[in-house]
Amino acid sequence: MTRTSPAGAIALVLALAALPLAAPPASAGPDQDKDWIVSGQHVDAPVPVWHADTKSFSLNTITTPMERTALWLPKAWTGDAASGEAKSQLVIPKGRADLAFLGGEGTVLNAAPQNPGPGNTPIWAGLGADASAEWAAPDEFDGGTYTLDLVNVDGPGRMEMFIDNGDSVYRFLSSHDTAYRSVYNPRHTHLYTTFTQPGRYTANFMVTARAADGTALYTSPITPLVWQVGGEDPKEGRIKDVRSAYSAARAERSDGSDARPSLTLAPYAGREHPGDEHLTEMSFSTGDPSDTGRVWLTVNGYFLTELPVEGGAATARELLGNADASVQAVYIPDEAGAAARWISAPQAYSQRDQQAVTVTDGAAQIAPEDNPDPSPVWNPASIDVVDGAVSVRYTRAEGAKAHTVAIRARDPQLRAAYKIEFFEEKGDFTPWCAVEGTLGAGGADVKEQDLGVCKDQPMYMRVTLRPHPRSNATLTSAGVEDLTVSDEFGTEVSLKLRGAPEPAPSPSPQPTAAPDPAPTAAPSPSPSPSPSPSPQPTPAPDPAPTAPPTAPPVPAPDPAPSDLLTVPVTLSRGHLDLRVTQGADGNGMPSYAMAVKDDTRTAARASVLRSLPSVTLAVHPNAYYVRPQSLSDPGYDVLGAVGAGSYVLPQTQNSDIVWPGFSTEGVDYTGLPDGVDIGVRLLDGPAGAYAAFFQSGSLGGKPTVHFDSRDPSKSAIHTTSSTHMHGNWVFSAPGTYHIAVGASSGGRVLAAPQALTVTVEGTRRPGGATPSPAPPLPAPTVPGAPPSQDDRARPGTPPSQDDRAPRAQEPSGGQGSGAGGTAPVKSGIKPASSTTRRVSRAASAPAAARRTAATGAAGATGAQSGAQSGAQSGVDGPQSGVDAAHASSGSGSNPGGPAAAAAAVGHGGGGSWSPYWLLLLMIPAALAGGGAAHLIGRARR
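Mapping of the sequence shown onto mature numbering (1 follows the signal peptide of the UniProt record, and there is no 0): residues -28 to -1, 1 to 913, in sequence order.
Rather than coming from a laboratory, the hints here were simulated on the basis of the structure.
Fair warning: there could be bad hints in the mix.
Straight-line C-alpha distance at most 35 Å; calculated DSBU-like pairs for lysine-lysine [unchecked claim]:
no.: 1; residue 1: LYS427; residue 2: LYS66
no.: 2; residue 1: LYS427; residue 2: LYS398
no.: 3; residue 1: LYS27; residue 2: LYS468
no.: 4; residue 1: LYS398; residue 2: LYS468
no.: 5; residue 1: LYS398; residue 2: LYS373
no.: 6; residue 1: LYS686; residue 2: LYS66
no.: 7; residue 1: LYS419; residue 2: LYS674
None of the values given here were measured: they were computed from a predicted structure.
Between the sequences and the hints, there should be enough to build the whole structure, so can you do that?
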């Protein structure tokens, strides 16, 4: 069971008791005094920050202390009422049983979207990751694990955070389902955040890690993140303490008028914008057109908005929930007028109501904050696991395409992240198939997983379990060698428990051939009983950050093209953006360039800017995706026919797949009235193949295709304001692609096109198609200065060659899992427990005869894909005829970099390897972040 130590229990009770039982005064009200009200932009919050000097954490909104900020979700839409989309609403569609946790079909929620509208409206919010925590994890934290924990949410309704995959969802955090309260080793993620009611929410977060020696716990204070859902800009509020303001206001009219105040709630009749049909109009009137003042509206007692009263009236239009909300108006008259203060009697209303209701009765007091369905508090002092056994069971029903995987802990108290990976061989770095998730309340999880590229192949299966830092269980990894992915298979992992005696050695068991039947539906962990309303945790005093900013963070200016890193690198995982940068020319006029903003931290310790020609994106078999029937809308033909496969870099981050987006965040649009168009063009690729970039529609709705190499009209992304966006990249076949990216504005070239290399590793050998040149890019009307070959780093950033990348590793402190991600590794930390199980080769056909493997070495590009891969696996030699725009991009004859050259030259015609060339190969491969052992292993095959 989850136990709380006496000292921990006392501390928790004191923290909870510190908040008054009575309704709070202004402290829980508006946020006009916050340093930063965030809306209409890309924002990461919470961001865990590690303070090495004090061995503690704090939480930020980007770089501003989180408690000094508020996220505002206003109404936003695209297009008109007939054909547009309400970006601040989410309608639960039919046929999506996986969305039942949000409500019934047709329910409409307030939503911060996963995919925002123009100008990142209404807000593009997500979770963040800070290098301080990522780099500290391997050495400072037990198992390299730290968690972002949601303690509770105090607000008028429910809050959910999840990723939509088009035909399924991945849940992160929930205000009411305590199975979803922890994110393990958080990574940069953008997702939906939904709210069942409008109003002000306070989500209380903390960060937890255990010291590497397993003793002390490192934590942050419980820190609030405020979400203002709906309403007007909180900065415009004038009332800081509504109860004090009401007490000080005039109690009776001074003009003898018999005017009678009222509050009317009615379905909004206007249809100016998408989603208007779901809104409720809240109309306040004093009954006298000469009255002025302010009116404060609440939902279930929580602040919703503050409006000016002019001409005796004020109106708000908000999205109420599907369940009844208690709405109240508090009127504070101006001192100069004759009106009297007034509080309306609370009135229940919902988005389902179709008739107007007018309230004229007054109330004696302002309603207290009272969510009829309060969020439970989750903040255990310890999580004590008695039995560490965890079973993993895969089944596939007859005729089904996907497997069902059920992960169950024998002890339901276990809370952990898990990751299940299938590798071609044990020493490989990138899995062909992978699934991750969390074991929350009940210690179980069930998911659907498509194992198409791994099916019927002998694979190395690795299960990594990352327990919560408050648990007595420790990081554990277990493997099964030469496992054939059949219709039914499984294994069992035994977690090592801290303080438990070491088990006696035993023969390695075989994987389970006939697993227990997997559940047919996702498990429903025993729900926590609805608690009675209780005081919420009080945020502890915040650590004193050094010189915290008092204004929104201002991005540092982009470096000049000559400051871009040009050392060739291959990136196969992590976040990056194809960025339009802005600087100044010799006359002080704006100048622009293209760069890769590399946030992967795999080839450098910090985020850096690189030239496009120096970067190769490596796409592995784990990106193979088969278009499902659920995405049958013709807009998704960019994925090929239903049932057809392609290689997709998903719109939302997958820890094992590179995540490239686009950014103009450093561009000042005031001098660009025509906006900025990011042009994308396929220069060459495998014969008959195509590439595309599109953004998914909400919950599988119609997508937006920005780039499709088969359609000349789909070749640009138009932006009118600072933009940061991600989408789905599609590559229809294995091979090497060169994609040119540039920028223009109203026909004026801002940044000349430069070529980026993408290598797609197939699932079959040999399979290397010959690249087919595409028509050349039109010559720019205004030539852009190519990046200098000066390999200087961004100002203030050490050169990347001195920031050697972490090496490839077995799961350890640096390997993300579950809702967490892949953190860099500074030193090899061994897992607390690691076992390998072997399947007898005699039981099946020889592995070499049955294995179907990758095309060439991971990261092979350009000449490498010809000279090296051709010698290794029969792939055709290097392609020719690349146009001038490509040739001038700086790729040269070997865009694969030193590692590729070493591999190409070092492989002798007789099939033997020279140790000298092996040494030359290992050094640049290690610098590039792939790991020499991984690259050599690939090359030898």
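So, going through the hints one by one against the coordinates:
1. LYS427 x LYS66: This hinted pair holds, its Cα atoms lying about 32 Å apart.
2. LYS427 x LYS398: 17 Å, holds
3. LYS27 x LYS468: 26 Å, holds
4. LYS398 x LYS468: Within the cut-off at roughly 22 Å; holds.
5. LYS398 x LYS373: With a Cα-Cα distance of about 26 Å, the restraint between LYS398 and LYS373 holds, given a limit of 35 Å.
6. LYS686 x LYS66: Since the Cα atoms of LYS686 and LYS66 sit roughly 31 Å apart, the hinted pair holds (cutoff 35 Å).
7. LYS419 x LYS674: At roughly 25 Å apart (the allowed maximum being 35 Å), LYS674 and LYS419 satisfy the hint.
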